[in-house]
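4 protein chains.
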Amino acid sequence: MASVVSKPDPRDAQLGRARVTDTDELRQFYAELGAHNADAFWNRANAIEPWEPQSRYNPTLWKYAEMRELCLRAVELVRPEDAGRRVVTLLNDSDAGRANTAVCGWLFSGLQAMRPGEITPAHKHTASAHRFIMEGGGAYTVVDGHHITLGKNDYVLTPNGCWHDHGVAADGQLSIWQDGLDIPLMNCMESNFYAVYDAPAQTPGFPADDLPLSYGGAMQPDGVEAWARPFSPTMVYRWEQVRDAIWNFAKVSDGSPFDGHIMRYSNPRTGGWALQTMGAHMQMLKGGLHTRAHRHTGNVVYNVAQGRGYSVIGGRRFDWAEHDIFCVPAWAWHEHVNLDASEEAFLFSFNDFPVMEALGVRIEEALEDKDGRQQVQA
Amino acid sequence: MASVVSKPDPRDAQLGRARVTDTDELRQFYAELGAHNADAFWNRANAIEPWEPQSRYNPTLWKYAEMRELCLRAVELVRPEDAGRRVVTLLNDSDAGRANTAVCGWLFSGLQAMRPGEITPAHKHTASAHRFIMEGGGAYTVVDGHHITLGKNDYVLTPNGCWHDHGVAADGQLSIWQDGLDIPLMNCMESNFYAVYDAPAQTPGFPADDLPLSYGGAMQPDGVEAWARPFSPTMVYRWEQVRDAIWNFAKVSDGSPFDGHIMRYSNPRTGGWALQTMGAHMQMLKGGLHTRAHRHTGNVVYNVAQGRGYSVIGGRRFDWAEHDIFCVPAWAWHEHVNLDASEEAFLFSFNDFPVMEALGVRIEEALEDKDGRQQVQA
Amino acid sequence: MASVVSKPDPRDAQLGRARVTDTDELRQFYAELGAHNADAFWNRANAIEPWEPQSRYNPTLWKYAEMRELCLRAVELVRPEDAGRRVVTLLNDSDAGRANTAVCGWLFSGLQAMRPGEITPAHKHTASAHRFIMEGGGAYTVVDGHHITLGKNDYVLTPNGCWHDHGVAADGQLSIWQDGLDIPLMNCMESNFYAVYDAPAQTPGFPADDLPLSYGGAMQPDGVEAWARPFSPTMVYRWEQVRDAIWNFAKVSDGSPFDGHIMRYSNPRTGGWALQTMGAHMQMLKGGLHTRAHRHTGNVVYNVAQGRGYSVIGGRRFDWAEHDIFCVPAWAWHEHVNLDASEEAFLFSFNDFPVMEALGVRIEEALEDKDGRQQVQA
Amino acid sequence: MASVVSKPDPRDAQLGRARVTDTDELRQFYAELGAHNADAFWNRANAIEPWEPQSRYNPTLWKYAEMRELCLRAVELVRPEDAGRRVVTLLNDSDAGRANTAVCGWLFSGLQAMRPGEITPAHKHTASAHRFIMEGGGAYTVVDGHHITLGKNDYVLTPNGCWHDHGVAADGQLSIWQDGLDIPLMNCMESNFYAVYDAPAQTPGFPADDLPLSYGGAMQPDGVEAWARPFSPTMVYRWEQVRDAIWNFAKVSDGSPFDGHIMRYSNPRTGGWALQTMGAHMQMLKGGLHTRAHRHTGNVVYNVAQGRGYSVIGGRRFDWAEHDIFCVPAWAWHEHVNLDASEEAFLFSFNDFPVMEALGVRIEEALEDKDGRQQVQA
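Those protein sequences? They're chains V, Z, F and G, same order as listed.
In this text, residue positions in the first sequence follow full-length UniProt numbering: the first is 1, and each later residue adds one.
In this text, residue positions in the second sequence follow full-length UniProt numbering: the first is 1, and each later residue adds one.
In this text, residue positions in the third sequence follow full-length UniProt numbering: the first is 1, and each later residue adds one.
In this text, residue positions in the fourth sequence follow full-length UniProt numbering: the first is 1, and each later residue adds one.
Calculated directly from the structure, the hints in this document are not laboratory data.
Please note that a few of the clues may not be correct.
These stretches of chain F come out as covered by chain Z in the derived footprint (C-beta under 8 Å, 3 or more residues) [unchecked claim]:
1. 9-16
2. 63-70
3. 176-189
4. 247-261
This structure is a prediction, so every number in the text was calculated from the model and none was measured.
In this text, a Cβ means the ideal position worked out from N, Cα and C, and glycines have one as well.
Take the sequences, apply the hints, and build the full model.
Here is the structure:
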């Protein structure tokens, strides 16, 4: 497996690990196995059964100031109806990222800029998608006929299998958002289907924002048809409500030692994740907060909703400001710092934790020594 | 069974129903069965297997103007530390209601008035309880050490098995709320346990309102210990949020033909009912609305949160104004009317639907004829 | 509430209990409350909130030798098409049992004898039913068109809302079984509906025993329509398989201190109870076993599948032999004794535990003192 | 993405697909994007969003006669305590298979031969494993201290995170089984952890076969600690019971048009799959049966438990006899033929369907034309 490099590890000398010495006879045997679509397990065992995960992906940071310019260039250079979606794709700074079109792990992300009056043609795919709005005005998404208006720092879903198209109203402003999808996962699972709608855009069949206005929280509509799809009916989570929820939470809780005050965008019909394959969080780092380090299975992609600071990921420091994007690969130590002593910082993030949970492998570890702080590489 | 009267019904003459004619020999046989703690099934079959349910309970209405006076009298006459809880219990206008201390079905309800500085001694029971605040200021409930402040039209839980005490702050105002409990259900199920706390009141162990401030809606705390109890962590649902949720819902939906815009107080951790044995709703009747009639298994107790109107229940008209209380017994036809042509009316209600659902018998029927309206008895 | 007797209890003198002394003024107030469909809570509080449950039902035992004779008498005296079902109903030896047509708690039970060629007319009801076959040959049940053959000690379901009819094949033998239903529960919940099929018997629409032959255990049919109803598709649990399962279990486990080797008839589609409102067990008491006493919420009705012994229930000894029936009311201490030193005894039983679990009140307590044995009343 | 080849597809010319023509300016823009860890989405869109899945894996068949010889050679050449596990790994006949050490999709499989008295050292890993016994006697597995004996055509689990070791009793016979694991999945998810037990083998802490003897079917132990782990407690499914279940099912059902009489090894505690990431089936093809073709997401690896016949996979014919192994990649058409006109054939198989279901992408399609039969390539 290309992704797992078999480095000499002294632990591999013990009983329970593969430690066969090559001989001519064995080499001949291996050739024979190869001729039968087979191989000796012990030639691969230590590589395919590592002591712990070792990600193929690297922590990577994208400065919004730079990426924004590239998005505006794309707007000038390409029409959305030719591009399919006029998206600048973020590629993890690793061979795996470039080969798999992944931002981190089996997650895709890109930046999409749209001018007033532009649309992205309607389509659907097995892949799930969500979006985090970074700037603009008048943007919207239509999901299976439900028109959803979008504002700055809103988080919106376009779940697996739903028809969707996007656009910016003619009287709106140039808008930029971050897309997150599980396209690499769907491709590696060989389960990705795609279809084009029979019109450039859907005609909404419901009052605007009917889903978020019906399903916003702990009060749920009754006496109408019950929502039975396997994703959240809320569809869009408004920034003001999200921020107020975190402020409320912060009044009465110390939050997490690793993440400050972190809240999950949840499906009010189940209490679980809003989508089946990707989760999302908003977290607040109080002024001056420096969290303790931990690591876990699963990948996380961050978008700085507000504030400035840095994160230490795998021993490297990554400085960030508003709408910078960075990622934490699976099983990499990470901690966050708010560099403003008095103002809060907010980090939006999305992840593949629902996949880890569904497969029974959501595993986490705290850094116990050095007060929970990593040593930063020079 | 006292509750099921075996009236002659022409349908009982057919095959599949009991239709045995008494004889001397049979009467002797029945006596012998009786001597063996037994009886002939066919002597009871048609009574214990009715064609459809026939409630032992009657629709009943309590005028708040009158009940409020009685509550204030109780305040003068009895100290809460002598009464246990200084509650005026509502008894359904039926033998069953008086015998079972039930407001309707296996539900209990009462009105509790407290003066500033008074407390209800801390205790717990297997029965679940919830409260709807009708008037006052400075009222609070403490649930397993969590202090919860209460305002007008707020809905608050004291779930099964939780220690709880209530009171009104010394600088508060005389407060009145409606209690709802499943005491009759717990007694009929022979599962009611009671215990007294080892102090008159609990000492809160958490910041005030920590639960409602942490669990309010679709954003859920992460990175802290996960809520794992079988009831909602929200604990109190604030009137302003409830009303806003309904207003939002009403912007985009026609609501229910039977109930107008009705929303369920739900457990954001599961999407289900907030308590295991009792549910609650708030519903809005737009100005002038006259709903269609339906009937269903399960009992409902209403408290008029706002407005004036009437309900037709089992063919009888019951006029109501703010904070009047009335009930709809199981399988009784009912429809609601908002008598104000322009102002909305709001009805709070609680029910035993979670029990009906858990037992697999939540059944509903619409009145199809007469445009869905009952004929009102003169 | 008739069922809860307010006895003077010294514990009721403390803060947290009702302890108001009557006065003339109070008596006048109570009268006024009564005129408004109300009462003072403190007049009823200690009765409706007992320190612990106190069942209205008594342990009762029915000797099969006697009950069998009564069943045969019924066969002579009444035709099944007149009786609806020609059942001898078991009435708990208590006012509640006789009033509610209950064998124990909110459970119904009866004995049904049928001659070869006889049928019970097809019908359905909201109540759930199950049967335990005591003797005979050629008996069958038809459930929603599925024909199910029945042998001695088989356990068979006729779930809520399913059309069902019973009979004995023309070449069969007189057969007797025990019915268990939740009729009293359905009536007390006011959710009981009844309907008669439009023919005396259903015409089976599937191969005989198709459900038990398809769903018998850990192997489940795939590639065919998935079973989606809220009860077990197994429908009948054969005695030989049940006994073998217990024998296997007993080879490797000490079983329960209170029940010997006890196994639950489960729904292989969910792992839960076979029916939504009633559970069933088979338990084996090894030769000479004397279990420890415990008590729990929920009611249990036993049928001695094999062996002889006695049970101590609430301090009274009840001796039993094959197919005797006895019951244990909620929260009554009970222990079982196999009087045969070398042969196993088997007890079939059914209960309302699924209701207790659904309502969140399945509570159990072990008798800690006296080595877990009750003192038997003289 | 290496796995998705962007072939010219006429459908890609339409609105909704990427169809941007390269220009010098764009090429310069792409270079700039590359310098920022980014790329233009439209350069990759049609490749990473294919119209439908196109597997990187090929149908492959391994003849047991040949593979058995290779296993015996391995027995001669390598000691199990040096090999870790002395397994001949099956590699899919594709670049992906060889690179990912996969039998098909993200599944691993290998053949393991053990002589009497040999053991595989105890270890554990995040990966789940199961085994299908092909020949021998006296083989066993120990799972978290539970000793499990194994016979021909038995199916046994060693779930994720459980300590396990294998062996053949000193008085047993040379035994060969097929291992199935989700190692490639765990590695691609970067969630694979490995540990070696602190002794060569576990000392069993329970009676032999206690788990399969306690949890075999629809009767479940009660009164003992409830099984709460996220996989089946049954642990081993015996061939005789599996075969009998299928025979019973075949008496009353026509089975599936695509798979004959196919049954799922299920977890009796949940009704779901026995493991969280891999499922397994046994299916019977009646004498002479030729099934209709279908295709689905998810990969399947077959082991011929009994009989001879062929399968048409992706238009190619693969002939098989007892214990031959073959695989069907995701979304490949496939149909099965039993070449014996009168004897049944049995196919054991395992798959990654639980992953597809957990991710919401279990999708299936029937071949409608040509009577559901593929055209076989010459």
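For this structure, which hints from the list above don't hold up?
4
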